[in-house]
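Top to bottom, those sequences are chains A and B.
Counting along the first sequence from 1, when you hit position 201 you're at 819 in this note's numbering, and nothing is skipped either side.
Counting along the second sequence from 1, when you hit position 119 you're at 737 in this note's numbering, and nothing is skipped either side.
These aren't lab readings, by the way, just hints derived from the structure by calculation.
Note that the structure is predicted; figures quoted are calculated from it, not measured.
Hints may contain errors.
The calculated lysine-lysine pairs, modelled on DSS-like cross-linking and capped at a C-alpha distance of 25 Å, are [to be verified]:
| id | chain 1 | residue 1 | chain 2 | residue 2 |
| --- | --- | --- | --- | --- |
| 1 | A | Lys978 | B | Lys824 |
| 2 | A | Lys665 | B | Lys978 |
| 3 | A | Lys665 | A | Lys740 |
| 4 | A | Lys978 | B | Lys670 |
| 5 | B | Lys824 | A | Lys961 |
| 6 | B | Lys803 | B | Lys698 |
| 7 | A | Lys977 | B | Lys978 |
| 8 | B | Lys698 | B | Lys880 |
| 9 | A | Lys858 | A | Lys820 |
| 10 | B | Lys670 | A | Lys665 |
| 11 | B | Lys740 | A | Lys765 |
This is what each chain is made of:
Number of protein chains: 2
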Amino acid sequence: MCGLFLSACGNLGSSSGTSTSTTSGKGTQLTGEASSGEYQGVIKNGKYVTSKSRGVNVSQNDNQYNLKSFESGLLDVSKKVFSTNKYVFQEGQYLSTNTVQNWLNRKSKSNPTGLNPVNNGKLGATTRNPMYLQQMEEQDFMKESGKKLTLSGVTVGLGLNSIDYYEKKSYGATYETHISNATIKREGAKIANQVLARMRKKPALKNVPITIALYKQAATDSLIGGTFFAYSVNKAGTTKVSSWKSVNQKNYVYPTTSSSAKTGNSNDASAFDNFKTQIENFFPNLSGVTAQAQYTDKQLSGMNVNITTQFYSQTEIISFTQYLQQAAQKYLPSGAPIDITVKSADGIQSFLSRDSGAKKFTAHVFNSY
Amino acid sequence: MCGLFLSACGNLGSSSGTSTSTTSGKGTQLTGEASSGEYQGVIKNGKYVTSKSRGVNVSQNDNQYNLKSFESGLLDVSKKVFSTNKYVFQEGQYLSTNTVQNWLNRKSKSNPTGLNPVNNGKLGATTRNPMYLQQMEEQDFMKESGKKLTLSGVTVGLGLNSIDYYEKKSYGATYETHISNATIKREGAKIANQVLARMRKKPALKNVPITIALYKQAATDSLIGGTFFAYSVNKAGTTKVSSWKSVNQKNYVYPTTSSSAKTGNSNDASAFDNFKTQIENFFPNLSGVTAQAQYTDKQLSGMNVNITTQFYSQTEIISFTQYLQQAAQKYLPSGAPIDITVKSADGIQSFLSRDSGAKKFTAHVFNSY
Numbered sequence: 619m620c621g622l623f624l625s626a627c628g629n630l631g632s633s634s635g636t637s638t639s640t641t642s643g644k645g646t647q648l649t650g651e652a653s654s655g656e657y658q659g660v661i662k663n664g665k666y667v668t669s670k671s672r673g674v675n676v677s678q679n680d681n682q683y684n685l686k687s688f689e690s691g692l693l694d695v696s697k698k699v700f701s702t703n704k705y706v707f708q709e710g711q712y713l714s715t716n717t718v719q720n721w722l723n724r725k726s727k728s729n730p731t732g733l734n735p736v737n738n739g740k741l742g743a744t745t746r747n748p749m750y751l752q753q754m755e756e757q758d759f760m761k762e763s764g765k766k767l768t769l770s771g772v773t774v775g776l777g778l779n780s781i782d783y784y785e786k787k788s789y790g791a792t793y794e795t796h797i798s799n800a801t802i803k804r805e806g807a808k809i810a811n812q813v814l815a816r817m818r819k820k821p822a823l824k825n826v827p828i829t830i831a832l833y834k835q836a837a838t839d840s841l842i843g844g845t846f847f848a849y850s851v852n853k854a855g856t857t858k859v860s861s862w863k864s865v866n867q868k869n870y871v872y873p874t875t876s877s878s879a880k881t882g883n884s885n886d887a888s889a890f891d892n893f894k895t896q897i898e899n900f901f902p903n904l905s906g907v908t909a910q911a912q913y914t915d916k917q918l919s920g921m922n923v924n925i926t927t928q929f930y931s932q933t934e935i936i937s938f939t940q941y942l943q944q945a946a947q948k949y950l951p952s953g954a955p956i957d958i959t960v961k962s963a964d965g966i967q968s969f970l971s972r973d974s975g976a977k978k979f980t981a982h983v984f985n986s987y
Numbered sequence: 619m620c621g622l623f624l625s626a627c628g629n630l631g632s633s634s635g636t637s638t639s640t641t642s643g644k645g646t647q648l649t650g651e652a653s654s655g656e657y658q659g660v661i662k663n664g665k666y667v668t669s670k671s672r673g674v675n676v677s678q679n680d681n682q683y684n685l686k687s688f689e690s691g692l693l694d695v696s697k698k699v700f701s702t703n704k705y706v707f708q709e710g711q712y713l714s715t716n717t718v719q720n721w722l723n724r725k726s727k728s729n730p731t732g733l734n735p736v737n738n739g740k741l742g743a744t745t746r747n748p749m750y751l752q753q754m755e756e757q758d759f760m761k762e763s764g765k766k767l768t769l770s771g772v773t774v775g776l777g778l779n780s781i782d783y784y785e786k787k788s789y790g791a792t793y794e795t796h797i798s799n800a801t802i803k804r805e806g807a808k809i810a811n812q813v814l815a816r817m818r819k820k821p822a823l824k825n826v827p828i829t830i831a832l833y834k835q836a837a838t839d840s841l842i843g844g845t846f847f848a849y850s851v852n853k854a855g856t857t858k859v860s861s862w863k864s865v866n867q868k869n870y871v872y873p874t875t876s877s878s879a880k881t882g883n884s885n886d887a888s889a890f891d892n893f894k895t896q897i898e899n900f901f902p903n904l905s906g907v908t909a910q911a912q913y914t915d916k917q918l919s920g921m922n923v924n925i926t927t928q929f930y931s932q933t934e935i936i937s938f939t940q941y942l943q944q945a946a947q948k949y950l951p952s953g954a955p956i957d958i959t960v961k962s963a964d965g966i967q968s969f970l971s972r973d974s975g976a977k978k979f980t981a982h983v984f985n986s987y
């Protein structure tokens, strides 16, 4: 997820057979040879092949964290099913903007394909029908056969609300319907069956494996996104989901704000607190030191540390970054990949990173001429 | 300037002799052992030693580029004089905020130490006395002797206006006095002599080498900062600058906006144009592809490429970054260090970098949980 160290532009030649590798970039190409667990992407006639429902999810998320974690989390699910060595990634080409927008709306006379329940006319938090499905994304996986790329797998992510925000009148106050984990799971599975059956009706999707993954959206004011909690690999031709595999992934924000707050692991939480105390003591005017921590199967699987500071001088940023390099190695939990970004009002100032296997952090101070 | 790859926290023990290396961080420490041409910085009692005139330059610069390039450029000048192996960096401790603010103002009855000329009462662009000195910065260089750090050198940068912006009445329109290179040089040298003589009056600065460097500020609306054009190394005790060494450094913005626009090197300019065309063709909705290029002795010595895009999805950012890694290697000039940042309205999305000696770009996509 972190470091992309790639090389050499893989040219697949032309799918029409008229052109091979040319500088004008005709035919189908790939973004690059993946050498560290990343997919190559599909380029056609020199252009990146964008999603047919491009941008819909941006408008569906008030919380940017839900957007990013949904998309990169879905890619992680895909990697479990479609190996990055054998498959090439393509943005979803079968669900169009129109289709996705209709599916994400409520079912109604004018929108018979809506996957969210009909409006029952009620406005009570527990009596109304909430919107369960908030966002969805299709990812396509291709295999090279000769000079052609053939669709060989599809992954669909369904983002399900844990809280559905609604208004009782237009521009009125915002109310919340809380949705239990059991309900999210039940409704997610129902929607997954409908999605699978509908996709099978498209000739191109009839005979490819389709993976469907369920994601629980975080609250709008959350400083972390939601997480995937289940996925199902459905063999070519199947129109009903037969079984679900569960994903045990949780996100936490450090520092925890009260003693009762949830933490992924109390050792990690206090390691972060020590780190925070140390660097706040070292460097005056840090206005924020927080972290997103992700746990997979109860083990820390990644951490993003965000440090906000007022900008006083470039030499301070250089010295602070040097110090962070020591302090992070000394105090932050080992084993998991960690990113640290130092930001001011003018944007990112410096950046440190350590891969899961590495001991030391590399650092970069952003400069300007 | 780019990669900071440092290790091990150098502990100098306590300068007061009461404490050695402790976790509470008493005594004097260093930010880290420099292993790639960066200075270590001074930590006292666990705290970073900030400049005595901290923050003055931030308020003196309407153009953030002048601020960053002044400070990191000054550090580059210092490195020519005070080796990063032998000296430790300390933010300026001898010129206070008050002193610097008074020196940066006009000379007047109430401000006898002002280094800018008296107000002659005239308002014409060529008849008035412009403000020559816009910003100044002190950097201290220490040597370890036994368990102590001793001041062993000072560098002072003087930022000189190429355009002095002024108003004829408060909150009125802004007018400009353009200052020729010859005048900048002459007035800069005059101010340098005054600064040197004044610094020698401080007992601590009497017998250390003092380097003074002259910087030409860029226009307020410039997309690049100014550059240093001369520096002078003044031996311990000297109160007058004897000679100046010139620095041949120029900054340019690519793409050049018209055929008559200045360029550092026409091959580099067209290489950048090709790169820009290629990636704009590849990826829809890039709203900006620009670069800052710095030339030292007419050779490209560094480039910062800034790419602005609308955010559609994390997978697009990943694919785009993979593609950039290929395209940058193929099209951008080799030999010089290059940074590439991809930004959206939500901040930095990904980042690529190549050191001067390296062939390939490393890349990092910023993720979120």
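**Contradicted hints - numbers only** = 1, 3, 4, 5, 8, 10 and 11
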